[in-house]
Amino acid sequence: MCSRPIERDGQTFGCRCCNECIANRRHQWIARIMAEKACHQHSMWVDLTYSDDTQSSRDAAALFAYCDVMAFMKRLRKRATDDWKRLKKSGVTPLPDRPYVRFLCAGEQGDENGRCHWHLIIFSNFDLTEVGAFLGIRQGEKVQITDRRQMISTFRGSNIRLDWDLWSVDGHPIGYVCLHDVDQGGVSYVVSYVLKDQFTGEKSKDTMRESKSENFATGLFRMSKRPGIGHEFLLRKMEVLEASGSVLPSLNIKIPGFKGYWHPHGQWRNRLLWWLRALNTRRLWATGRDAPQWSTLLASCADNPSDMETLNGEIIPPEENPANDDYESPISAARKRAREAAALAAAKAARAGNQPCCCESCLGLLDEAGLVARGLYKVVAGKGREAEYWHEPDWPHGDPIWVWDVCKYEPDGPFG
1 MCSRPIERDG QTFGCRCCNE CIANRRHQWI ARIMAEKACH QHSMWVDLTY SDDTQSSRDA
61 AALFAYCDVM AFMKRLRKRA TDDWKRLKKS GVTPLPDRPY VRFLCAGEQG DENGRCHWHL
121 IIFSNFDLTE VGAFLGIRQG EKVQITDRRQ MISTFRGSNI RLDWDLWSVD GHPIGYVCLH
181 DVDQGGVSYV VSYVLKDQFT GEKSKDTMRE SKSENFATGL FRMSKRPGIG HEFLLRKMEV
241 LEASGSVLPS LNIKIPGFKG YWHPHGQWRN RLLWWLRALN TRRLWATGRD APQWSTLLAS
301 CADNPSDMET LNGEIIPPEE NPANDDYESP ISAARKRARE AAALAAAKAA RAGNQPCCCE
361 SCLGLLDEAG LVARGLYKVV AGKGREAEYW HEPDWPHGDP IWVWDVCKYE PDGPFG
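Using the UniProt record's numbering, you'd call the opening residue of the sequence shown number 1 and step up by one each time.
Mixed in with the good hints there might be a few duds.
Cβ pair distances, simulated, as ranges [stated by the list, open to error]:
1. R289 / E388: 29 to 37 angstroms
2. Y261 / A62: 35 to 43 angstroms
3. P227 / M70: 47 to 55 angstroms
4. S244 / A387: 57 to 65 angstroms
5. I152 / Y261: 23 to 31 angstroms
6. R148 / T287: 27 to 35 angstroms
Note that these hints are calculated values from the structure, not bench results. Even for Gly, the Cβ is constructed at its ideal location relative to N, Cα and C.
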């Protein structure tokens with residue numbers, strides 16, 4: 001819980017500055033990244049650094065040049081796509097789908113020398129170690145490395161520094177790269193840099209980190225947003241629940257490879273609550289009973305009034321559900337009933353036989369006096385527009401009367 005909550009419009013929000021809020025935000029991002037990892041065949045933690053060999057690299061190391069990361073991602077996507085097309089053309093298709101890449105990026109400025117470097121977590125449907133050429137130092141010389149085991153650095157172990165031709169300009173390396181497998185420990189390490197923007201002196205006031213806050217106050221955070229990190233995992237979770245016809249017993253979500261539970265907050269929590277409510281509503285329509293575990297879910301959210309307000313909202317009958325193909329708005333339904341009543345009245349008048357029927361031909365034969373005698377009012381909206389006939393008391397409100405296309409006196413007329 002936040003130690004300095006903010007009250008606004010009757011709602012309570014976290015301050016996002018206290019140690020509790022930062023710990024919660026850290027937990028949320030670790031859970032979302034691990035959830036995203038569970039949805040992809042491959043994931044890799046990549047460190048990108050700058051060397052002192054060229055002036056451009058020295059300049060880039062002095063400030064956050066996010067354009068370098070974007071250029072790297074563009075080269076990665078293009079190289080993977082070109083390899084995929086080449087293999088497909090030769091009759092060998094290693095991937096059933098076109099290569100894709102999603103990522104999360106944290107820029108860090110070193111504490112000692114102030115040099116910028118990047119930590120990326122990349123999600124894809126292909127192995128990054130098979131894209132491009134990697135060079136490493138072996139016995140004092142640079143040699144090409146193709147064995148994946150010789151490329152991957154271990155967390156908290158010695159880093160294996162590599163030259164990757166995708167992290168280069170005109171064939172000259174920008175700096176070295178390090179590759180790591182993604183696990184919760186590595187994700188936690190990267191997220192610690194993600195939250196550096198919270199460690200300014202102003203935001204660290206009255207906390208234990210205030211004395212060294214300015215040493216950690218520099219960072220840059222970017223990620224894939226369409227959809228957000230972790231969204232695909234929740235979507236797949238809902239598809240599984242939809243197929244089983246049940247709901248979650250609580251909002252504590254278990255993620256593969258993640259110790260603990262994901263407790264969605266903010267918009268993620270609200271979206272999940274609406275999905276669960278919609279699932280239970282469809283279950284009610286189909287069976288007349290709540291979905292299995294619905295009562296358990298309500299009990300788990302009983303202490304949160306906002307959650308209960310969402311879950312216990314008014315249930316919409318199927319015929320009044322706007323998403324239903326047969327849905328008809330109240331206004332449209334009222335107009336439809338009025339047209340049907342007018343058509344019925346016109347049919348009764350036509351059956352009398354001594355009056356013209358309410359068709360376009362017969363009404364067109366009546367002059368203004370004849371229309372007035374029958375309580376009708378003729379309206380032509382504009383040049384070239386068809387005439388409409390109204391009951392005089394209804395004009396200009398309500399709807400025009402129903403006019404038949406075919407005369408009742410013709411063989412195929414409505415009363416023939």
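Cross-check of the supplied hints:
1. R289 / E388: 29 to 37 angstroms: Violated, at about 50 angstroms.
2. Y261 / A62: 35 to 43 angstroms: Hint holds: Cβ distance 42 angstroms, inside 35 to 43 angstroms.
3. P227 / M70: 47 to 55 angstroms: violated (20 angstroms)
4. S244 / A387: 57 to 65 angstroms: holds (59 angstroms)
5. I152 / Y261: 23 to 31 angstroms: holds (29 angstroms)
6. R148 / T287: 27 to 35 angstroms: violated (51 angstroms)
Comparing the model with each numbered hint stated earlier shows that hints 1, 3 and 6 do not hold.
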